[in-house]
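Residues per chain, in single letters:
2 protein chains.
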Amino acid sequence: MPKVAPRTLSGFMELLPAQQMKLERMMKILRESYALYGFTPLDTPVIESAEVLLAKGGGETEKQIYRFQKGDSDLALRFDLTVPLAKYVAQHYAELSFPFRRYQIGKVYRGERAQRGRFREFYQADIDVIGDGKLDILNEAEIPAIIYNTFSKLGLRRFKIRVNNRKLLNGFYAMNGMSEKAGDIMRTVDKLDKIGAEKVRELLIDEVKMLPCKAENVLDFMAICGTNEEVVAALERYRGMDETFDQGLDELITVTRYLRDFGVPEENFAVDLTIARGLDYYTGTVYETEMTDHPEIGSVCSGGRYDNLAEYYTDRQLPGVGISIGLTRLFYVLNEQGLLSDELVTAPCDALVLPMTEDMGYAVAAATALRKKGLRTQIYGEKKKFKAKMGYADKIGVPFAVLIGEDEMRDGVLSVKDMQTGEQVRLAPDEAADYIAEKIAALNAGSVIKE
Amino acid sequence: MPKVAPRTLSGFMELLPAQQMKLERMMKILRESYALYGFTPLDTPVIESAEVLLAKGGGETEKQIYRFQKGDSDLALRFDLTVPLAKYVAQHYAELSFPFRRYQIGKVYRGERAQRGRFREFYQADIDVIGDGKLDILNEAEIPAIIYNTFSKLGLRRFKIRVNNRKLLNGFYAMNGMSEKAGDIMRTVDKLDKIGAEKVRELLIDEVKMLPCKAENVLDFMAICGTNEEVVAALERYRGMDETFDQGLDELITVTRYLRDFGVPEENFAVDLTIARGLDYYTGTVYETEMTDHPEIGSVCSGGRYDNLAEYYTDRQLPGVGISIGLTRLFYVLNEQGLLSDELVTAPCDALVLPMTEDMGYAVAAATALRKKGLRTQIYGEKKKFKAKMGYADKIGVPFAVLIGEDEMRDGVLSVKDMQTGEQVRLAPDEAADYIAEKIAALNAGSVIKE
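Chains D and G, in that order, give the protein sequences. Taking this note's numbering, I'd label the letters of the first sequence as residues 980 to 1430. Taking this note's numbering, I'd label the letters of the second sequence as residues 980 to 1430.
Hints in this document: simulated from the structure, not taken from any laboratory. One thing to keep in mind: the hints can contain errors.
BS3-like mimics (lysine-lysine), calculated; alpha carbons at most 30 Å apart, straight line [as the list claims (entries may be wrong)]:
hint : chain 1 : residue 1 : chain 2 : residue 2
1    : G       : K1429     : D       : K1418
2    : G       : K1429     : G       : K1173
3    : G       : K1139     : D       : K1352
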């Protein structure tokens, strides 16, 4: 029979079992961490009507989207989890309670040019809080606090959540009479990290057509740095010149104060005036998250406060605040950098039962005893020589092999072999289960990410 | 601004939060249950090359598939999890260990005619064991044992896993000289439940063109019923007439014996000679699972043993055995029948912290204490009147409200209100956490499905 070459499309991540186990662990931590803060899990279709998905229209998104006809329907695959959330909230408004807090971990699709580390199918892990008309600023501090806790549970320590406020920026541009150029300026300032202050100054003068003194003002403002307290103190010097600025500054001060209440250490967040995010969506606090030792990766978790989640679907004002982890990319980078722990068990099972006898009844009973203690247990039922059986145990990397021969059956025990140390003990099935469970718990005690 | 009506495509399930929580619980149980038997989680792309996905080609599948172009690529959405598994195993053969045991819970796509209870996007929850050249029959008993345990954990009791063996059927048709008509006969016999023996006899004679005596033989064979032991005893009367039949009978006897070893009660499995499944794929044991009180639903979990998982991709013989739960449809039916428990907590959080004070520091600390005990905790930060706050607590159905006013702050306690009984107690934060945690555990002690 002619064969089709089995292959996975470029830009689509498909992991081998041990790697997949690591990703699953990360997803489990995200689910549990998000749930702990009272976010409800949501699941929306991958396919939506193109009209609905592209209600906002235009831009890069439309070019990248997977869009196709099926029968009479013009369909598209979701390219983020925010548009489906907007649709969901507008559609089910009457049945939801506000603030509505949801998390969603799901695949999204963008037909970008394929390149190393860029994916066309990738997981996003989002949390959002949506208010009905109003939303308290406490939420703008809680969101980065959740990210701090989530990253900490994953085992990340060396990261910084960079926080800014769009009102602060808009107010600053207004007080300098630069509001009309704010978009261009922000796009240019965004390059500070990459090209440096000198080049940004040139661009501001030559391309954005700013007076040198105004460009200087912008660069001075963006250069404000130091501890969070020092930054706030420096910003206070601008107070009283623009109402929006003052409001943004008050919000920023409130958010940083709440962040401390939430127990986020000073070293894990920083007020950073260069953060702006999308130009026409965010209206208050904005976030980016940088891995301290890997700034080249860019932000691994971004978001902010917006005023109108669902303006393309409803007249109701639905303000919100949310953040998104680009999970597939984060996983890819952590893996590339060797930051994913190999200590945690990634084998398909904790214990592999190897029966050396014809009859399987005892082996089945042994496996049942181990599973009762929560141990992931596989029975190896293949008729193979002992050496081949042990070879399989080695190859799948199972921590414990449970050997069952005539002797074990007669004595009502199991021979438990620690595959790492080679140590072997004979124990009654229940004792064997406790023995293995304790060692597995110790193996899994560490975190997914090892810095 | 003109609005686009927010809507979800017909045939796509999108649940409200409380319903989604129930589905999530089911998925969690499936994941944990599958893992307990040493299956490793797998995740394959939703989009594959159409050439790869349709390697087998032809049939109903091709008509239902979502297929589209993107750039030069001919793409399609997966319509089951078996074809992607075949691709995966063929592609990664050298890096896998066999038997290879994987589970996958994922969405698949079929552009069927939309009708009530039929979905175009739906979850399948599959387990498969793949051998390299050979695979021990123990696996054919373990698969339904896993389903028994999984369904039991979900809370289902009144179900029956119906087991048959394709060799037994093929052998029976061979000994009657009906091998060529086996396909037509099986398709006709499949209607027994619906149209009864008389009509099936007519069809066998009139349409399949069988001699009346042969049709009688088929009906007699298919009518064999009783306890599993009685069925096996009746089948023993055919022994010695066809080698394939005898082999199938031996396999069936072995599988039923192992099923008992695995602790599957007799009332939850039945040898049923009318089960055949797909005509050209399964080669040994086959399964269907019926909800005893809802036979009209059809099989909620089906599968079987096959000889060649990946014959379209590789020359290697990769036999396997697997089973698939149509999760979305099962969930839909359980929900329609009112079989999903309302006792388990479906609110987005276990405890809702309601601060009555301006300062949020104490409320944040209280929430942190509750979360430390694993309680899903939300802080309600909106500036609303007490009545509106309690109204929100009511509306989201949270089991416990935690009230914080000046008194509580001063005394270092929390006022915990049981929203069901109205009972209110004042406790130190740690005590409050223990108090709530105990009650939440009791609320969640039941199972997802209530029969």
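Given the proposed pairing of K1429/G with K1418/D, does the C-alpha separation stay at or below 30 Å?
-> 36 Å, violated
For the pair we were handed, K1139/G and K1352/D, check the Cα-Cα distance against 30 Å.
-> 27 Å, holds
30 Å limit on alpha-carbon distance, applied to hinted pair K1429/G and K1173/G | 28 Å, holds
When each numbered hint is compared with the structure, a violation occurs for hint 1 only.
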